Amino acid sequence: MLTKLVSMDRRIVFILVALAVIIPMLVNVNLPVSTSAPTQKLYDFVEALPKGSTIMLAFDYGPSSFPELSPMAKALLKQCFDKDIGVVALTLVDDGTTLASTLIEEVAAEKNAENGEDFVFLGFRPGITQVILGMGTEIKSVFDTDYYGKKLDEIPMMENITNYDQIDLLVDLASSNTTEAWIIYANVQYNLKIAAGVTGVMVSQMFPYLQTGQLNGLMSGILGAAEYENLVEVQDKGMQYINVNSFVHILIVLLVIIGNIAYFTQRKREE
Amino acid sequence: MQVFGIWVAAFLTLCIYSFLYQDNPLYRFAEHLFVGISVGYGIVLSIHEGFIPLAWNPIWASLTGDSLSGLWKLIPIFFGLLFFARLSPRHTWLIRYPIAILIGFGAGIAIPNVLRANIFEQTRGTIEPFSVIHSQTTGTAVEVMPSGEFTVFIIGAVLMVIGVICTLTYFFFSVEHRGPISWLSKVGICFLMVGFGSAFGNTVMGRVTLLIQRVDFLLNTWIGSIF
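So the sequences go chain by chain: Z and B.
Per the working numbering, the very first residue in the first sequence carries number 1; after that it's consecutive.
Per the working numbering, the very first residue in the second sequence carries number 1; after that it's consecutive.
In case anyone wonders, no lab produced these hints; they're calculated from the structure.
The structure displayed is predicted, hence computed values, not measured ones.
Treat the hints with caution; some may be incorrect.
What the hints assert, rightly or not - BS3-like mimics (lysine-lysine), calculated; alpha carbons at most 27 Å apart, straight line:
| no. | chain 1 | residue 1 | chain 2 | residue 2 |
| --- | --- | --- | --- | --- |
| 1 | Z | LYS111 | Z | LYS41 |
| 2 | Z | LYS51 | Z | LYS4 |
| 3 | Z | LYS150 | B | LYS73 |
| 4 | Z | LYS78 | Z | LYS111 |
| 5 | Z | LYS193 | Z | LYS41 |
| 6 | B | LYS186 | Z | LYS151 |
| 7 | Z | LYS41 | Z | LYS4 |
| 8 | B | LYS186 | Z | LYS140 |
| 9 | Z | LYS4 | Z | LYS83 |
Claimed, not checked - Part of the chain B face toward chain Z, derived, beta carbon under 10 Å:
| no. | residue |
| --- | --- |
| 10 | GLU49 |
| 11 | PHE130 |
| 12 | VAL132 |
| 13 | HIS134 |
| 14 | GLU143 |
| 15 | GLN213 |
Ideal placement from N, C-alpha and C gives every residue a C-beta, glycine not left out.
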């Protein structure tokens, strides 16, 4: 039995994982989600912003991180539109452009937010460092038009926004090292307040910045997205995916325990 | 058209997941298609969102209008084009100029900012909790922590300093790792392992989420579009 377990075909594990995903998704299980301190910190910061404030939202991710980061973006946008906080969105990643524009338009349509009045999508410009530094001097010097080709001078929301001085918070939704670039250049050089929502892979790298206060809040992977949805009282993909995730994690933990027991028992027998 | 897009996405998703059974031509077709489309999309977007608005438009406006201010963009374009000197063996040496500019700019702009963000601020973050502990114990703190929370705070601060010192010792190779140094570096390894474990756990969560999203797409969007 144990020998069979150790030499089990890996495809059986794939089938078990697939079942652990499909069954909870079809049954639609709802497990409780508590809120971690970093997510609460970001939520509280945005909640404390007065009406008419502006946040900058950087969609620095591509399709491979879409499942983790788009629920965060949706929840955050809904919170901003509900509170009349202006959103200046942009991306430093080329394949984030279409994802960002589609997502913003979808949430804006749901919340009746007006393009140019409640939000602006600047689009993409290549060169991460140069874009971040350039916007610190003047946003218009990097983005002369928005994503749809409208001159920034003609956009009502951008009338009083010249550079980071008029931005109350930057939230970077990142799947690579862009958050570090925002901290190194925008926070250090221009004192821009920064928060982040990052993929699970990157969470551990972000905690030192959170501890020092260089980050004003952090959403950690799909768990952070679910927590934020919980805070803004929206039931969406974040909550759904974290519930399914819990079942897969239970399966993985069980497989790790069984695999270790089988391995060590077999080794003991061989000795 | 939208239904067609859903079917294409579903077909390509199944092609990629077919690799879980074994390598096959359908998987390789989807993989190559993905790489080709990503590169093509990146190039087109860089031209449309980078070269045209930041280089072409100002130069064209200078040539057709009254102001010649956009012509200064020719200088960086010229240095950028020198990268192509690599294609000619006789002129390869010219590539040193754009590389020198990039390194000079990169180092000049990065070194002070990186030092502040990653060294000075992190050092401050490691030491600062002790000033909080001092203010709490001497009664000079503005906000007094509850005793339970304060105990956890002290343990966290001490653990952080031990972790920093021991982990740095592990990477300090100028002294032979024997005696107390060896013990410190071994404790450093423990902290590193905790860090790697945390990173791995989070990575598993992220990768499983990708799978969940694709299954969600296949079950609800694709099969949902059929029935």
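*Provide an ascending list of the numbers of those earlier hints which the structure does not satisfy.*
Violated hints (numbers, rising): 2, 6, 7, 8, 9, 11, 12, 13 and 14; every other hint is consistent with the structure.
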